[in-house]
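Make a model of the complete structure from these sequences and hints.
Here the protein sequences come in this chain order: F and E.
So for the first sequence, the numbering used here puts the first residue at 31; every next one is plus one.
So for the second sequence, the numbering used here puts the first residue at 31; every next one is plus one.
Hints were generated in silico from the structure; no laboratory data involved.
Treat the hints loosely; a few may be bogus.
Repeated chains share a single entry, so a pair holds when one copy, or any two copies, can fit it.
Claimed, not checked - The calculated lysine-lysine pairs, modelled on DSSO-like cross-linking and capped at a C-alpha distance of 27 Å, are:
#1 257 - 77
#2 65 - 204
#3 188 - 257
#4 81 - 129
#5 216 - 186
#6 65 - 77
#7 129 - 162
#8 216 - 188
#9 207 - 257
#10 257 - 216
#11 203 - 129
#12 257 - 186
This structure is a prediction, so every number in the text was calculated from the model and none was measured.
Number of protein chains: 2
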Amino acid sequence: MKIAILGTGMVGKTIASRLADLGNDVTIGTRNIEKTLSTDEKDLNGKSSFKEWIDEHSNIKVDTFSNAASNAEIIFNCTSGMISINALNLAGLDNLAGKLLIDIANPLDFSNGMPPSLNPANTDSLGEQIQKAFPETKVVKTLNTMNAYLMVDPSKLKGDHNVFLCGNDSEAKKTTKTILNSFGWKDDQIIDLGDITNARGTEMLLPIWLRLWNALGTPEFNFHIQKN
Amino acid sequence: MKIAILGTGMVGKTIASRLADLGNDVTIGTRNIEKTLSTDEKDLNGKSSFKEWIDEHSNIKVDTFSNAASNAEIIFNCTSGMISINALNLAGLDNLAGKLLIDIANPLDFSNGMPPSLNPANTDSLGEQIQKAFPETKVVKTLNTMNAYLMVDPSKLKGDHNVFLCGNDSEAKKTTKTILNSFGWKDDQIIDLGDITNARGTEMLLPIWLRLWNALGTPEFNFHIQKN
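Pasting the structure below:
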């Protein structure tokens, strides 16, 4: 499939790399190609700069938000949540219309220091705001409740754990499930919560997720819904 | 131990009954004893009225919020979250001072219909509001992330699952862990998140908890933090 990944951070790179390795035609979209390729900044894990990373991934193209979205059948929003609407506007209303947009972002607001709060939260969510701003786009919220390396390879955790999914379009959710399956998620690990308003619930997992990272001393954990 | 349970709903009754069966000296506190004993209202599960229930539990006393708190060493807040501060004020600042208060309530606001929102949320929590209003009381937030019958008997779920705990006083958390142990929680199931600000994270689990109840068709599930 032709897939655009919006965002050049750790999540975007991890998703792009996995999708490309699975045989998809992947383009990473960015605000400013020249700047993205020239920055020397290491990522959060101290890994190579974007330029070094993309040179090692010859199966992934780089383009503007707009071109990447325009040429894609499916778009992943892997931008920082607080600037997602802006990035998606740059990708373009028409370029997103009628397409599946898989939203992985969390609206973490670091402007008042640590720990971040959510903006919006409680009675609204980023997933809903995106669906409202792009009514012709089929927004599915998923994968936003775990570390990037688990998103694309759930077998990294030995025990059982879950991924949540929500959205208003059932065909779009079916396609999203196929992509999750290709990452290694089994059907019984995927919990369909319902419509896009459920993005509130999954985004509101972030405050405890961030504290658990601290309490457990590792981001290598995930939520598992235990039932009989 | 001499324990006061504030609140006569399903959570209060479930906790009171279990603590009394474990040999504790338990008093349920209520706003208006006469009204509580005279109401014919069944609980959410269609079970017996409070009067019928208390008649079957001769090992549990009923008293005012104030008397119950005054005579207790440990107080459980099992009132509805939106009226908890009011109920605790009726229990009395002095009657709560220096004591362990285990806060199980969630600030679910149903005033705008279903699903409820949280009030407060995100940058504040009920747990923190209680600690701020009762600075001499040792507030520990726990058990608020699951169905009442799992709180007092975690073995009801076959697989592994977790209970979260947070608060500012380490001795108070140690005592709370002992009570959780007596309910059947093993040490490695109890996750200490840190100080009382972590109540934000656990209270913000409620939106997805409520939607999971709907998606799974049962409240008989719990969060399990899966790690390697």
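A quick look at each hint next to the structure:
When the C-alpha separation of residue 257 and residue 77 is checked against a cutoff of 27 Å, the pair qualifies only between copies, where the shortest distance is 24 Å, while the shortest distance within a copy is 39 Å. In this assembly of identical chains, the alpha carbons of residue 65 and residue 204 never lie at most 27 Å apart, being 36 Å within a copy and 53 Å across copies at closest. For the identical chains of this complex, residue 188 and residue 257 are neighbours both inside a copy (18 Å) and across copies (8 Å), given an alpha-carbon limit of 27 Å. Proximity of residue 81 to residue 129 under the C-alpha cut-off of 27 Å is found in neither arrangement, the shortest distances being 29 Å within a copy and 59 Å between copies.
Proximity of residue 216 to residue 186 under the C-alpha cut-off of 27 Å is found in both arrangements, the shortest distances being 14 Å within a copy and 26 Å between copies. Taking CA atoms no more than 27 Å apart as the test, residue 65 paired with residue 77 passes inside one copy only; the shortest distance there is 18 Å, against 66 Å between copies. Taking the shortest Cα distances, residue 129 and residue 162 sit within 27 Å of each other inside one copy (15 Å), while across copies they are farther apart (49 Å). In this assembly of identical chains, the alpha carbons of residue 216 and residue 188 lie at most 27 Å apart whether taken from the same copy (14 Å) or from different copies (21 Å).
Proximity of residue 207 to residue 257 under the C-alpha cut-off of 27 Å is found in both arrangements, the shortest distances being 22 Å within a copy and 23 Å between copies. Both within a single protomer and between protomers do residue 257 and residue 216 lie at most 27 Å apart by alpha-carbon distance, with minima of 17 Å and 18 Å respectively. Proximity of residue 203 to residue 129 under the C-alpha cut-off of 27 Å is restricted to the intra-copy arrangement: shortest distance 12 Å within a copy versus 50 Å between copies. For the homomeric pair residue 257 and residue 186, the shortest alpha-carbon distances inside one copy (22 Å) and between copies (10 Å) are both at most 27 Å.
Going down the numbered hints, you'll see the structure goes against 2, 4, while the others check out.
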